[in-house]
Amino acid sequence: MGPVIVTDSLTKKYKAKAVVDQLDLRVPGGSIYGFLGPNGAGKSTTLKMLLGLVRPTEGHIQILGKDLDSRNRLNILSETGSLIEAPAYYGHLSGKENLQIVCTLKNVPEKEIQRVLHVVRMEGQQNKKVSQYSLGMKQRLGLAAALLGNPKLLLLDEPTNGLDPAGIQEMRELICSLPAAFGITVLISSHLLSEMDQMATHVGIINQGQLIFQDSLSVLHEHSRGRLYLHTSDDQTALLVLKNSGIPAQWRDGRLSLKLMEDSKVMHAAALLVNSGIGILRLEEQQMSLEDIFLQLTGKQVSL
Amino acid sequence: MIRCLSPQLHAEHQKIRHTKALLVPLGFLGFYFLWTMWQISSMKPDEFPTGYAMLFYQLPVMNAILLPLMISVIASRICDMEVKGDTLKLLYTIQKPGSFFDCKYLNSFRYLVFFTIGQGLLILFFGSLKKFGGFRSEDYFLYLLTVLIVSAVILVIQQTLSLLSENQLFPLGVGIAGSFLGLFSMFFPVPVARFVLWGYYAAFSTVGMDWNKDTRIIHYYEIPFPTHKFILFLAFGVLIFLLCRTVFSKKEV
Chain A
1290 MGPVIVTDSL TKKYKAKAVV DQLDLRVPGG SIYGFLGPNG AGKSTTLKML
1340 LGLVRPTEGH IQILGKDLDS RNRLNILSET GSLIEAPAYY GHLSGKENLQ
1390 IVCTLKNVPE KEIQRVLHVV RMEGQQNKKV SQYSLGMKQR LGLAAALLGN
1440 PKLLLLDEPT NGLDPAGIQE MRELICSLPA AFGITVLISS HLLSEMDQMA
1490 THVGIINQGQ LIFQDSLSVL HEHSRGRLYL HTSDDQTALL VLKNSGIPAQ
1540 WRDGRLSLKL MEDSKVMHAA ALLVNSGIGI LRLEEQQMSL EDIFLQLTGK
1590 QVSL
Chain B
409 MIRCLSPQLH AEHQKIRHTK ALLVPLGFLG FYFLWTMWQI SSMKPDEFPT
459 GYAMLFYQLP VMNAILLPLM ISVIASRICD MEVKGDTLKL LYTIQKPGSF
509 FDCKYLNSFR YLVFFTIGQG LLILFFGSLK KFGGFRSEDY FLYLLTVLIV
559 SAVILVIQQT LSLLSENQLF PLGVGIAGSF LGLFSMFFPV PVARFVLWGY
609 YAAFSTVGMD WNKDTRIIHY YEIPFPTHKF ILFLAFGVLI FLLCRTVFSK
659 KEV
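Going down the list, the sequences are from chains A and B.
Okay, so the first sequence: first residue is 1290 according to our numbering, each after it adds one.
Okay, so the second sequence: first residue is 409 according to our numbering, each after it adds one.
These are calculated hints, taken from the structure and not from any lab test.
Take the hints with a grain of salt, since some may be wrong.
To give an idea of the chain A side of the interface with chain B (calculated C-beta under 10 Å), a few residues [stated by the list, open to error]:
1. Ala1375
2. Leu1382
3. Leu1444
Which bits of chain B does chain A cover? Going by a derived footprint, with three or more residues having C-beta under 8 Å, they are [what the hints assert, rightly or not]:
4. 474 to 483
5. 495 to 505
Don't be surprised by glycine CBs; every beta carbon is placed ideally from N, CA and C.
Just chain A, with the same shape it has in the complex (with noise of 0.2 Å):
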């Protein structure tokens, strides 16, 4: 399937400053496009333009193959569900009442409603006031409303927002069996990093406006290509002997490091050291976390 959100050159201007700066979506079809970034580097602002709730100060959207300008963009949001920050509803009304609405304008049978609330597990509450809702079933309840009508593509903006572990958990099961089971692609931003670990299946890293990364998760964790660390009786001795063998060490944080290598190669390194004299104290594998890559790729502190 072909990229469903593509963006050129997306920049978003307030006064002379870029909070979103050339941006290049591509997101393909049938994925969790995990839209990582720390807080304020303009993922909110991303998609607020892509649903034309905020013009672009200039660049081109295309979603779902189709350009977006001021005159088709109900007809293309048509095909879309979205729930942006905060999950929108009224609070003296039921829950159900509240997806009557979305159905009336949507023009979507109300039928759907039960399908919907199945779908987010809510059908026990239906029928109570929204301002009677947690925090996290009033962002079930917007998610219900985002896949009335049978969505094609979902933006889905930090929606873990403010939940406690066991709602974060609930929304995370959820958000992922949405492309199996309806074959919609999902467009989630966050900046917690541990939580697109568990749900995307692609990553773009936003920081400052600019992206800094795009492509499939693993090729992501392919960067976090590990190391193996020596602690030995004479390190010094060591990285001289290693070296002087051929084989790549350096010394790196304080500490005599190897690249990641075949157990026969690491055999090999052991014995040469055991054969010089130097007593190996420790070995250790270990892997650069995606917090790792993070911070390497933005510079910045993230939350986990």
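Based on the hints, put chain B in the right spot on chain A.
Relative to chain A, chain B alone:
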């Protein structure tokens, strides 16, 4: 266009379920009922022949005081749910901001129509109860028309303020300030009073009053309806609507 707006109007109707917004114009009509009862109870039988003139003179003054407040409460009641529920980000992915503004307005306008018809019926009720004289259908319909039109223009401003304000205290404050301004504008010099929107309830009155200090007799007299002024006001109202609609539609959410 109406067909296109029809589901959106229906959605507006669905939104106001359980809000009891109709109680606002009903409450104000109840107040007018009590006030008119009190007015009539202090009337002498020889004043009954000019009863309608008295009503058409006094009601616009009451309207200038009460209706800005009523309109601000209605607009706030209808619009606050969108602000509180942060719904615009969802709605703008389904409907155009301009259509949303129009439907919201039409929905609130129904309450003004309800109030105006209610007030019209109250006038006829009291008139026939006390057998008032001097009924002129032209005055009656012009009175109802001006009440509706002036209220409709004020509603545009109140709706825009209510939709743009996080806190409804500000638009309600403007409504209260409008009540005072509307009343005091009757004592302002004409060039100044012209700019006070809330004062137009009384400005379009077709009945004037003379009070003779010596005889202590009130004499009501007819004033020709200021047609040109009314048409200008209508044009100004349309301009305000378009301006407010544009300002609201241009706002990014």
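Of all the hints numbered above, which does this structure not satisfy? Sort the numbers upward. Hint 4 is the one this structure does not satisfy, whereas the remaining hints hold.
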